[in-house]
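Note that the sequence shown ends on residue 894 in our numbering; no numbers are left out.
Some hints could be false.
To be verified - Here are the simulated lysine to any residue pairs, SDA-like style, with alpha carbons at most 25 angstroms apart:
| # | residue 1 | residue 2 |
| --- | --- | --- |
| 1 | 258 | 279 |
| 2 | 258 | 272 |
| 3 | 258 | 280 |
| 4 | 867 | 675 |
| 5 | 258 | 227 |
| 6 | 258 | 320 |
| 7 | 576 | 522 |
| 8 | 576 | 512 |
| 9 | 576 | 509 |
| 10 | 258 | 382 |
| 11 | 258 | 242 |
| 12 | 867 | 809 |
| 13 | 576 | 489 |
| 14 | 576 | 598 |
| 15 | 576 | 517 |
| 16 | 867 | 714 |
| 17 | 576 | 488 |
| 18 | 576 | 382 |
| 19 | 258 | 150 |
| 20 | 867 | 805 |
Treat the hints as calculated values from the structure; they're not laboratory data.
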Amino acid sequence: METTSPARGHAPSPPPPVHVTQAGEPRRGERRPARPRIPGIRAVPRWLPAVFVVALTVAALLFHEVTADDIIRFAAYLAFGLALPGTLIIRAVYRGERTLAEELALGVALGYALEIPAYLAARAAGLPLLTLAWPVTVYVLFLTVPRLRRHWKRRPRPAVPIWWSWSLALAIAYLTALGVVRFFRGHALAWPALATYSVDMPFHLALIGELKHHVPPTVPMVAGEPLLYHWFIYAHFAASSWITGIEPLVLLFRLGALPMTAVLLILLAMVARRVTGSRAAALLAVAGTVFVTAPNLYLGVNIGNFTWRGFQSWTGLTQTFGALLFAPVVLLLADLLDGRGRRAGRWLLLGVFLAAVMGAKATHLPLLAAGLAAVAGVEMIRRRRPPWRALAALAMTAVCFGYAQTVLFGGARQAMTVDPLSMLRRAWGELTGGAGAAEPTPASLLGLTALYLVCLAVTWCGVLGLLCRPKLLLRPMVVLLLGMGAASTAAVLLLGHPHLGQLYFFGATYPYLMIVAAYGLVVAVRRVRMPSRRVACAVGAGVVAACLIRALCDVRAPLSAGRSEFALYLPYATLLGVVALAAVVLVATGRRALRNWVFLLVAFAAVGAPAAWCARVLPVAGDVPVARPFGEVQPVALQDVPEGAVTVARWLRAHSGADDLVATNVYCRWGYEDPCDSRQFWAAALSERRVLVEGWTYTSANMGRWRPGLLPEYLPFSDGERLRANDEAFRAPSASAMRRLREEYGVRWLLVDERHLDPGSKIGDFAEPRFRSGDYALYRLADGQTGVI
């Protein structure tokens, strides 16, 4: 076939225009512009970033006591039990152009959401492996139904810049390395190093054991106490343990959080790109989510002042799991609120994920309701008609939250109270070195509140960039995310909790506030067409200012004796002064005021990251004590860990029934018996059996009695009669004491730390010795026991 070349002297006709969608991708059916190739340089394989992350993760797991067999079984379960069936459903009901990584991330999230009800039904029927029926059913349907069969085929993928893939891969690798350094190294899988734990980890392990054997669950550490908690993640771990045969300890301490973190990052990147329409803004939002915390301009260590609970992949598993399931909710709402939700599949998926969030971390739901209410109000005013999509989503959210509060959580407040500025009163004590000694004066509290708001202003000042295009502030998704952020800030300031649980509200929304802040920065920079070198200068100015202010002001926290509390305000007042002086100079000397304003905004936003990270990287001079972020406690010393605890508990798990009840003489943390810190959960955690009385701190009965000024871990047990019956069997063993435990409470086993028995104890005369290892022994109470054995 003959072709016609263009006439000499005439340029060839241009290619048809490419219309770019809001997400930055060409519309379906339209031609993509050809990507320029650099001569002499071969294309980097697209799969290399994924291989890099997988290789790094596998190497870290193998180095930290995880066997290759466990890794292979978990990977197979993740791929064929969660990702593949979930991805098939996503392709069928939620169409759109997505990369393979994005499809798999949505598929894994949907797999988590669907696995939970499947496992609960299977476990209630006494057949936990029947959980596999849901992926098998999906495979059968997608193989036999002609309209579904086509979803097995690979679809054309949108072209993705290699820098985008590598950026996400490096962010995931960073969080993996952070988990290795901060968690793996301090949480061994073998005893006694295993017992140098974060205090909540055996609590999580005990709840996995409870969900592994019982539905509906109760608190395993206090038999019969209802479990009014966010427990869906423990159902997932229980299901994965049954399916793979992997120990819950390995899933909890090593494997389980890794895919959650990776999927969460990818989903947040999807939300950010959907909201901002820019990969650059999305990458900035992801980087801010991972790296930025509240700016700390004090020398010494970061003691946790003004911070929030963000990526706690290992110690805050319910927060991570809830955030993972909540990200698809925001992504779906982005489609629905922008008018892309005509398909029923999006509404169906929204309901599924809202129901999953309801039991995974219901903290997200009231914040989402506040954001949707803000959207409904703004849209009603703008368009003078009811915004039915926002109102429908709000109704679904309200139903889920109401069900969670009344049914799943039984109306329990879990020590959450209305206590305005309680977090700032605690921060004042830590900053001044007078924690628990005295209350701050009203003036001090007011000043600290202003200081906290300054920290928030530094972190989220990028939102001001949207003023360059004010109409963007009225976009439904921007209103939604800002409404959620405002509600979370109000919750942090107005609520009180003994362990600063109100910070979980901020942890739920800060990634989305970061998306809006990144959106504003990119909009402002593009609005004034600021050159990249000028942006780099602004960022450098912010970094230099943060480092110099910390060094020159020389304020250490907590304050040394005799130093006035006004020193706390010096670094931040200096920062505001520098910003004001820079604003005056730039406006006075510059011809383009808007560009100077954007320059100052970028510099101010750049203060956050180095101010937060200097305290983590730079060496600490002097005798400043190493402090820990809120919620962390000092680990148990090795010399306080009893020998044989794991061996005896594992023997009990292997030789007892799932419904057997255990009594133990240890319900205070080892080394914290006087006063008794009741956060002791190891008997239930290691044996996977219910215990008559062990650690009662987190029970709804105990947390419901908390009042400001008290510590819930030191409150006495609420059922004094039960505790006396339990103690009598160990301190003054007799036939009547054993008979009471067996007949009145249903106890069948005694798990004894013999270090706490009186010399010459005759417990073996009234209970049958069954197993002993080190300091621990196990006794069995026979049915109808009436006398001496």
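Verification of the supplied hints:
A distance of roughly 33 angstroms separates the Cα atoms of residue 258 and residue 279; the hinted pair therefore is violated under the 25 angstroms criterion. For the proposed pair residue 258 and residue 272, the alpha carbon gap of about 28 angstroms is over 25 angstroms, so the pair is violated. Between residue 258 and residue 280 the alpha-carbon distance is near 33 angstroms, which puts this suggested pair outside the 25 angstroms criterion. Annotation: proposed proximity of residue 867 to residue 675 is violated, straight-line Cα distance about 66 angstroms (limit 25 angstroms).
Distance hint between residue 258 and residue 227 is unfulfilled; the C-alpha atoms sit about 31 angstroms from each other, more than 25 angstroms. Only pairs whose Cα atoms come within 25 angstroms are accepted, and residue 258 paired with residue 320 is rejected, the gap being roughly 39 angstroms. Annotation: proposed proximity of residue 576 to residue 522 is violated, straight-line Cα distance about 38 angstroms (limit 25 angstroms). Under the criterion of a C-alpha separation no larger than 25 angstroms, the hint pairing residue 576 with residue 512 is inconsistent with the structure, at around 42 angstroms.
Taking the CA atoms of residue 576 and residue 509, the gap is about 37 angstroms. The hint is violated against a cut of 25 angstroms. Of the supplied pair hints, the one linking residue 258 and residue 382 is violated, its CA atoms being roughly 28 angstroms apart against a limit of 25 angstroms. With a CA separation close to 19 angstroms, the supplied pair residue 258 and residue 242 stays within the 25 angstroms bound. With a C-alpha separation of about 38 angstroms, the suggested pair residue 867 and residue 809 falls outside the 25 angstroms cut-off, and the hint is violated.
Restraint check: the Cα-Cα separation between residue 576 and residue 489 comes to about 17 angstroms, which is no more than 25 angstroms; the hinted pair holds. Taking the CA atoms of residue 576 and residue 598, the gap is near 30 angstroms; set against the 25 angstroms cutoff, the hint is violated. Distance restraint check for residue 576 and residue 517: the Cα-Cα separation of roughly 42 angstroms exceeds the 25 angstroms cut-off, and the hinted pair is therefore not satisfied. For the proposed pair residue 867 and residue 714, the alpha carbon gap of about 62 angstroms is over 25 angstroms, so the pair is violated.
Distance hint between residue 576 and residue 488 is fulfilled; the C-alpha atoms sit about 14 angstroms from each other, no more than 25 angstroms. Distance restraint check for residue 576 and residue 382: the Cα-Cα separation of roughly 15 angstroms lies within the 25 angstroms cut-off, and the hinted pair is therefore satisfied. Restraint check for residue 258 and residue 150: satisfied, since their Cα atoms lie roughly 22 angstroms apart, inside the 25 angstroms limit. Taken as a hint, the residue 867 and residue 805 pair is broken in the structure, with Cα atoms around 36 angstroms apart against an allowance of 25 angstroms.
The structure is inconsistent with the numbered hints 1, 2, 3, 4, 5, 6, 7, 8, 9, 10, 12, 14, 15, 16, 20, although it conforms to all the rest.
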